[in-house]
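If you're matching them up, the sequences are chains B and A in order. Take the first sequence: its position 18, counting from 1, is numbered 16 in the working numbering, and each next residue is one higher. Offset between the second sequence (1-based) and the working numbering: plus 58.
None of these hints come from the bench; they were simulated from the model. A couple of the hints might just be wrong.
Claimed, not checked - Sample of chain B residues with no beta-carbon within 12 Å of chain A, all distances over it, derived:
no., residue
1, N54
2, V71
3, Q74
4, Q79
5, S105
6, E113
7, K139
8, V144
9, I145
Unchecked claim - In silico contact screen, one side only, chain A against chain B (beta carbon under 7 Å); selected entries:
no., residue
10, V80
11, A84
12, V85
13, D86
14, I87
15, E89
16, A92
17, D99
18, I128
19, S130
20, Q134
21, E135
22, E159
23, G163
24, V164
25, H168
Claimed, not checked - Listed next, the in silico EDC-like pairs over lysine to aspartate or glutamate satisfying Cα-Cα at most 20 Å (straight line):
no., chain 1, residue 1, chain 2, residue 2
26, A, K161, B, E67
27, A, K161, B, D49
28, A, K161, B, E90
29, B, K129, A, D138
30, A, K161, B, D5
31, B, K124, A, D107
32, A, K105, B, D125
33, A, K171, B, E90
34, B, K85, A, D162
35, B, K93, A, E89
36, A, K176, B, E90
37, B, K124, A, D138
38, B, K124, A, E89
39, B, K93, A, E135
40, B, K72, B, D87
Backbone N, C-alpha and C define an ideal beta-carbon position, used for all residues, glycine too.
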Amino acid sequence: MITRVQDMQQLLGAMDLFRNQMNSVFNAFDRNHGIGQGWTSTPSYPRTNLDDTGDNLVLVAEVPGVCKEDLQVKIQGNYLQIGGTRKPDNPEGYKVHRTERESASFSRSFTLPYEVDAAKVEATLKDGLLKMTLPKSESAKPRQIVIR
Amino acid sequence: MSDNELVTRTEQPGELIHQLPVTTPAVDIFENEAEILLHADMPGVGKNDISISIDNGKMILAGTRRLQAIGSTAWQELGDVEFRRTFAVPQSIDVDKVHAELKDGVLHLHLPKSEAAKPRQIEIVAG
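Bound-form chain B, shown alone:
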């Protein structure tokens, strides 16, 4: 039975290869298919990951070319909003051949699965990824109940 599972994995791996091959075909035709992975639809911007580490929620957002002064984060209870502006970085005195990188302001809001303690949130911006560590509020943390 183990062999069967491995066969399935191989099949899926082969499909990954096929997808990459198809993507490179699109590239060969100079078709920019956005920031998504190939032919999947473009999700809302910025794209994010949310992880739960027990005491904290960790949110990672993809914001290339946005400096920290241009980012705003609002938190209230379990509501989180990321807004910002991506300013055009066109250099002076250059002729433009191609612009695929859009510059615009954006805003995205989330309902987090737990209420978070807004005062203890830590946010760092590195290599175009915004990482926020959101500690769950005391009422949302798991609690040991003593049975009398």
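Once you've looked at the hints, dock chain A against the given chain B.
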């Protein structure tokens, strides 16, 4: 016989196929008299994970992003990915002077033109 073979077949190391999804980074391309300037979005790629190779008029720009998995996932929209794109570069580029900087997940790649390719003002001397 054949059923038996299916069950006892051992895994070959070469059969493990895993590849990062490859995606094209969005780029802006600018040009002035001195150089061609390329801006590419590569969020989450460290400067040690970027490779730029120029060979025979072809430039391959590649960068790998590996995110650390932390805790259990509530939702995931971005993952490990390889950014890769191939460009045709003119022969007039001075390959030795190509340099790049990385800021906020955006790669700024400078491709200076060689001296011979720069426009030159020719002065006409009265004879």
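Given hint A:E159 near chain B, where the shortest CB pair must fall under 7 Å:
Result: violated, 12 Å to nearest chain B Cβ.
So is B:K139 really clear of chain A, every C-beta pair being over 12 Å apart?
B:K139 clear of chain A: closest Cβ-Cβ about 14 Å, beyond 12 Å.
For A:K176 and B:E90, compute the direct alpha-carbon distance and say whether it is at most 20 Å.
At roughly 18 Å apart (the allowed maximum being 20 Å), B:E90 and A:K176 satisfy the hint.
For the pair supplied as a hint, A:K161 and B:E90, confirm whether the alpha-carbon distance does not exceed 20 Å.
18 Å, holds
Between B:K93 and A:E135, is the straight-line Cα distance small enough, at 20 Å or below?
Violated, because 35 Å separates the two Cα atoms, which is more than 20 Å.
Is the interface hint satisfied for A:A84? The criterion is a beta-carbon contact with chain B at less than 7 Å.
4 Å, holds
Under the criterion that the straight-line Cα-Cα distance not exceed 20 Å, is the pair B:K72, B:D87 satisfied?
26 Å, violated
Measuring from the C-beta of A:Q134 to each C-beta in chain B, is the shortest one below 7 Å?
Nearest chain B Cβ about 5 Å off; hint holds.
So, A:V85 near chain B? Judge it on the closest CB pair being under 7 Å.
6 Å, holds
Taking C-beta pairs only, is B:V144 more than 12 Å away from all of chain A?
27 Å, holds
Assess, step by step, whether the Cα of B:K124 is no farther than 20 Å from the Cα of A:D138, and give holds or violated.
16 Å, holds
Holds or violated: is the Cβ of A:E135 closer than 7 Å to a Cβ in chain B?
4 Å, holds
Hint compliance for this structure: hints 1, 16, 22, 25, 27, 30, 38, 39 and 40 are not met, and every other hint is.
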